[in-house]
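Visitor: For reference, the chains in residue letters:
2 protein chains.
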Amino acid sequence: MALYELYYWPMLPGRGEVLRMMLEDAGVDYRDVAREEGIEAVVKARQGGLGGVVPFAPPVLRHGELVLSQSSVIARYLCEPCGLAPRSEPGKLLADQHFLGWADLVGEVHDTHHPISVGLRYEEQREAAKQRTDRFLDGRLAQWLAHFEDIISDAGGVHVGPDITYVDLQARFVLRGIAYAFPKAFDQLRAKIPSLLALADRVEARPRLAAYLASSRALPFNEHGIFRHYPELEG
Amino acid sequence: MALYELYYWPMLPGRGEVLRMMLEDAGVDYRDVAREEGIEAVVKARQGGLGGVVPFAPPVLRHGELVLSQSSVIARYLCEPCGLAPRSEPGKLLADQHFLGWADLVGEVHDTHHPISVGLRYEEQREAAKQRTDRFLDGRLAQWLAHFEDIISDAGGVHVGPDITYVDLQARFVLRGIAYAFPKAFDQLRAKIPSLLALADRVEARPRLAAYLASSRALPFNEHGIFRHYPELEG
Numbered sequence: 001m002a003l004y005e006l007y008y009w010p011m012l013p014g015r016g017e018v019l020r021m022m023l024e025d026a027g028v029d030y031r032d033v034a035r036e037e038g039i040e041a042v043v044k045a046r047q048g049g050l051g052g053v054v055p056f057a058p059p060v061l062r063h064g065e066l067v068l069s070q071s072s073v074i075a076r077y078l079c080e081p082c083g084l085a086p087r088s089e090p091g092k093l094l095a096d097q098h099f100l101g102w103a104d105l106v107g108e109v110h111d112t113h114h115p116i117s118v119g120l121r122y123e124e125q126r127e128a129a130k131q132r133t134d135r136f137l138d139g140r141l142a143q144w145l146a147h148f149e150d151i152i153s154d155a156g157g158v159h160v161g162p163d164i165t166y167v168d169l170q171a172r173f174v175l176r177g178i179a180y181a182f183p184k185a186f187d188q189l190r191a192k193i194p195s196l197l198a199l200a201d202r203v204e205a206r207p208r209l210a211a212y213l214a215s216s217r218a219l220p221f222n223e224h225g226i227f228r229h230y231p232e233l234e235g
Numbered sequence: 001m002a003l004y005e006l007y008y009w010p011m012l013p014g015r016g017e018v019l020r021m022m023l024e025d026a027g028v029d030y031r032d033v034a035r036e037e038g039i040e041a042v043v044k045a046r047q048g049g050l051g052g053v054v055p056f057a058p059p060v061l062r063h064g065e066l067v068l069s070q071s072s073v074i075a076r077y078l079c080e081p082c083g084l085a086p087r088s089e090p091g092k093l094l095a096d097q098h099f100l101g102w103a104d105l106v107g108e109v110h111d112t113h114h115p116i117s118v119g120l121r122y123e124e125q126r127e128a129a130k131q132r133t134d135r136f137l138d139g140r141l142a143q144w145l146a147h148f149e150d151i152i153s154d155a156g157g158v159h160v161g162p163d164i165t166y167v168d169l170q171a172r173f174v175l176r177g178i179a180y181a182f183p184k185a186f187d188q189l190r191a192k193i194p195s196l197l198a199l200a201d202r203v204e205a206r207p208r209l210a211a212y213l214a215s216s217r218a219l220p221f222n223e224h225g226i227f228r229h230y231p232e233l234e235g
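For the protein sequence lines, the chains are A and B, in the order given.
Mapping to the numbering used here: the first sequence position 224 is 224, numbers consecutive.
Mapping to the numbering used here: the second sequence position 147 is 147, numbers consecutive.
One or more of the hints may lead you astray.
Since the list gives no way to pick one copy over another, a pair counts as held whenever it fits inside one copy or between any two copies.
Said to hold, decoys possible - Taking lysine-lysine and the DSSO-like style, the derived pairs with C-alpha atoms no more than 30 Å apart in a straight line are: (1) Lys92 <-> Lys44; (2) Lys44 <-> Lys184; (3) Lys130 <-> Lys192; (4) Lys44 <-> Lys130; (5) Lys184 <-> Lys92; (6) Lys92 <-> Lys192; (7) Lys130 <-> Lys92; (8) Lys192 <-> Lys44.
Since the hints were derived computationally from the structure, they do not count as laboratory data.
Just so you know, these numbers come straight off a predicted model, no measurement behind them.
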């Protein structure tokens with residue numbers, strides 16, 4: 001059995017993607033189980049088939065007898081063995097805070113195409129989705145990105161200096177996702193977030209991560225995940 | 001200066017309420033700054049007036065030179081000094097996981113009355129709010145509560161045994177909030193969540209917490225917070 005087993009949707013990069021990135025960046029022994037065995041592996045995990053506490057939703061990590069869910073908890077758990085932890089205790093708290101900020105932003109992006117219910121298809125909530133997207137792109141997205149731009153400008157180009165940490169990997173993923181989902185709006189914001197864009201490039205240049213991103217293991221953004229490109233929403 | 005300074009909206013029990021409950025339960029030296037000085041104290045904190053990293057949103061905790069935001073990070077930081085931490089390392093991870101589950105549920109409740117934007121008033125998004133609430137009360141709420149009921153049934157009446165921890169305080173708050181916001185729907189679910197209801201009662205019977213809840217320091221639920229009772233949404 002691999003040291004770490006990750007259970008996440010095998011057809012999309014979503015809340016589990018930062019965990020894939022961390023494990024790939026570290027080059028540790030892990031298995032992306034549903035990519036090998038199919039989506040049934042995720043269903044099994046959600047039904048408690050891994051033992052331990054039954055998770056509400058993926059991603060789920062199994063490490064020995066430990067079965068964890070919630071991406072921020074798993075990321076925090078993995079950051080030390082992956083060599084992506086901040087050095088100081090206050091730094092660790094701040095990284096967690098920033099990670100949860102990015103997770104809040106991810107939730108807001110998700111709800112642009114699913115404002116009414118996760119139990120309905122996008123096509124069934126398109127009208128509300130357009131309203132929500134308009135509001136999100138009219139100020140809110142810029143507010144979030146300005147917040148993070150200030151943080152990493154102040155901290156020397158990363159969220160919690162001096163080194164790259166797991167929250168920087170998360171930022172890279174979310175930025176690329178937003179650029180995919182809302183290319184017009186994102187293009188208009190680029191000039192305001194030079195530090196964030198430089199950080200995303202720097203993260204992608206890390207050798208093992210670059211190899212992952214160039215491989216078939218890295219899934220492209222698509223309309224099954226959180227970051228969906230529906231031109232009519234941005235239009 | 002008090003040992004801990006909490007900055008949160010002074011007119012509502014919301015994401016900061018679990019922190020008030022933890023500090024009151026522990027009887028530690030703290031100041032709920034905006035309850036004394038007014039909402040300007042929260043505005044100042046959000047503008048970076050406390051030093052450190054500028055928070056995106058309240059609650060904010062200041063402890064010496066440390067300035068933290070994100071309620072789950074602050075709760076995790078405070079749980080040791082408040083005597084509300086799980087004993088084992090895996091227990092601490094699970095408590096954090098469960099806390100974030102409750103926080104996800106809180107977010108879903110919030111969006112029942114604000115499905116389009118936090119920048120609009122409820123009255124401006126009432127139609128979508130009705131749609132979202134219908135979906136939330138038709139299955140999703142029951143799914144969340146069944147998840148937590150299973151967890152605490154399995155763990156002996158609390159989330160992470162053997163003792164009461166901070167996540168149990170959070171559960172008590174969210175349960176009371178849901179009962180306030182959706183009394184009809186909640187009444188129909190009561191029979192399915194005996195362990196959760198017993199836990200909420202047990203939390204409220206803790207002497208210092210009982211004194212807090214009976215005091216004017218504890219704010220009643222109202223239509224400024226997360227848990228709002230709009231009869232037309234439930235009808």
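Visitor: Mind listing which of the numbered hints don't hold for this structure, in increasing order?
Guide: Failing hints, ascending: 2, 4, 5, 7.
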